[in-house]
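> Below, each chain spelled out in residue letters.
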Amino acid sequence: MTSTDAEQQIASPEDLRTVEALRAGDERVFRELIERYTASMIRVALMYVRTRPVAEEVVQDTWIGVLGSLPRFEGRSSLRTWIFRILANQARTRARREARSVPFSSLAGPGDDGPTVDPDRFLGADHPAFPGHWASPPRSWEGTPEQELLAGETRERVQDAIDMLPASQRAVISLRDVEGWSSQEVCDLLAISEGNQRVLLHRARAKVREALEEYLDGRAA
Amino acid sequence: MAYAFTGPGAQRPFAGDRWPEPGTWTDRARASRVEHLPVWIAAELWVVELEGAVHDVGTQLRADHGRLVEQVDGWDGNAAAAFAEDCAARIRALAARSEPNDAMAAYREDAGSLGPADANVAGWVAAQAAAAVEGEDGAVRERSRQAAWLAERLELEPATGV
Amino acid sequence: MSDAQGMLSCREVVELVTAYLEGALMEAEEVRFEEHLAMCDGCAAYLDQMRRTIDVAGRLDPEAVDVEACDRLIHAFRTWRAGSEPESGS
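Listed in order, the protein sequences are those of chains A, B and C. For the record, in the first sequence the residue sitting at position 50 is 50 according to the numbering used here, with numbers rising by one throughout. Each number in the numbering used here corresponds to the 1-based position in the second sequence with 1000 added. Each number in the numbering used here corresponds to the 1-based position in the third sequence with 2000 added.
Since the hints were derived computationally from the structure, they do not count as laboratory data. Treat the hints with caution; some may be incorrect.
Claimed, not checked - Calculated from the model, a selection of chain B residues having no Cβ within reach of chain C, i.e. all distances over 12 Å:
hint: 1; residue: M1001
hint: 2; residue: T1026
hint: 3; residue: I1041
hint: 4; residue: D1056
hint: 5; residue: T1059
hint: 6; residue: D1064
hint: 7; residue: A1082
hint: 8; residue: D1086
hint: 9; residue: A1093
hint: 10; residue: A1105
hint: 11; residue: D1118
hint: 12; residue: V1125
hint: 13; residue: E1155
As the list claims (entries may be wrong) - Derived, one-sided and incomplete: chain C residues facing chain A with beta-carbon distance under 7 Å:
hint: 14; residue: G2023
hint: 15; residue: A2045
hint: 16; residue: I2054
C-beta atoms are modelled at their ideal positions from N, C-alpha and C, and glycine is treated no differently.
Chain A on its own, in the form it takes in the complex (with noise of 0.2 Å):
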């Protein structure tokens, strides 16, 4: 799923439908709304935020936030991209005010740069034929049966390990390929740049990668 510019800058019909249903006190709407964006937006606030109750405060604050602002929602930016606009405001705005917030370059995680792949998967700088190249390389998944990518006990591994990445990498991963936002979105939602983006991006892919590949293999073995 990919966004032009113009597009989200322009809320859906849907979207115009969905604020004007809030606006009327339809509280399924407003459960749906909730229960769609919620978990996406603790991940978000816990790229500010230290701990997951505080993240949890903000983003109580922000849907309180969001019904408050809804006569002003003008249906120049796409609904979620005003709702997550609003939250990252709380959660920087909350982050100044509680004396540890995390400063955002500190969220890579220690000692979380280098080679995304086991060196020791690699022949050494100093073979003689085929330096930097696979030693143990990765088997294709394309023996793998289709079901046992789509299983449930699948998306549960791949889920673990978005789960245990660190802050930023596991918020940039589940914008882009959980929720599919596209890059711009999430860089201007972020306010990073894209290199930025797609270094944190690249880092959570490839740990998820390691972590399917070993449960695939695994399960091959």
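Assemble chains B and C onto chain A, guided by the hints.
Chains B and C only, in chain A's frame:
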């Protein structure tokens, strides 16, 4: 007209999708001139037609649109096996000419295990071996030799209109 | 760590996978990346695994919201609907 190697079932390499059936245009077409084919060796070889802004990027031809025309049936398991064996023979010949060293020993050992499914690797190892013995030019010459082998074996015409 | 043909090593390729999938590589680098994949089953498998991983991620079930948190929000919604100023969660 140019040529494109694909995976089985006209799968587009690295793109995760397939070429549409022959005759149907698709965007972002990739193909090669005959002289560059060896680096792209894969399961199937097709004649492709390109349209729109066609330009060379190294060994690849890129165009706005392209479509498969017909498959080059001569490129099958036998041809791939013959290609791999020819490269293996080339590696052994190069090894015989060179001072014993670890690199050539590794290439020659690799060559011994190359089968029809490894035609792509065979071509690369042969070029590496040629470079080890004859310098970087050696790799270029070896790839040209491989291209000529393919052109003769498969009766390929030079790319036209690109 | 380029080889005699100016090509990338596998160790370099795996670090370019995300940029490749994003379409962020320059043309020439993209072709070198693809040239490597053309002759390296290991890296071709790695890219394929990465694609499938992303695919599975896209199929994850939406996570359940904490029931208590949901109830509190519904309560806040009702308060807001009734015209009172909703209380903040903290």
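> All hints, please: hold or fail.
For each hint, the structure was consulted:
no. : hint  : verdict
1   : M1001 : holds (20 Å)
2   : T1026 : holds (17 Å)
3   : I1041 : violated (7 Å)
4   : D1056 : violated (10 Å)
5   : T1059 : violated (6 Å)
6   : D1064 : holds (14 Å)
7   : A1082 : holds (18 Å)
8   : D1086 : holds (16 Å)
9   : A1093 : holds (17 Å)
10  : A1105 : holds (17 Å)
11  : D1118 : violated (8 Å)
12  : V1125 : violated (9 Å)
13  : E1155 : holds (23 Å)
14  : G2023 : violated (10 Å)
15  : A2045 : holds (5 Å)
16  : I2054 : holds (5 Å)
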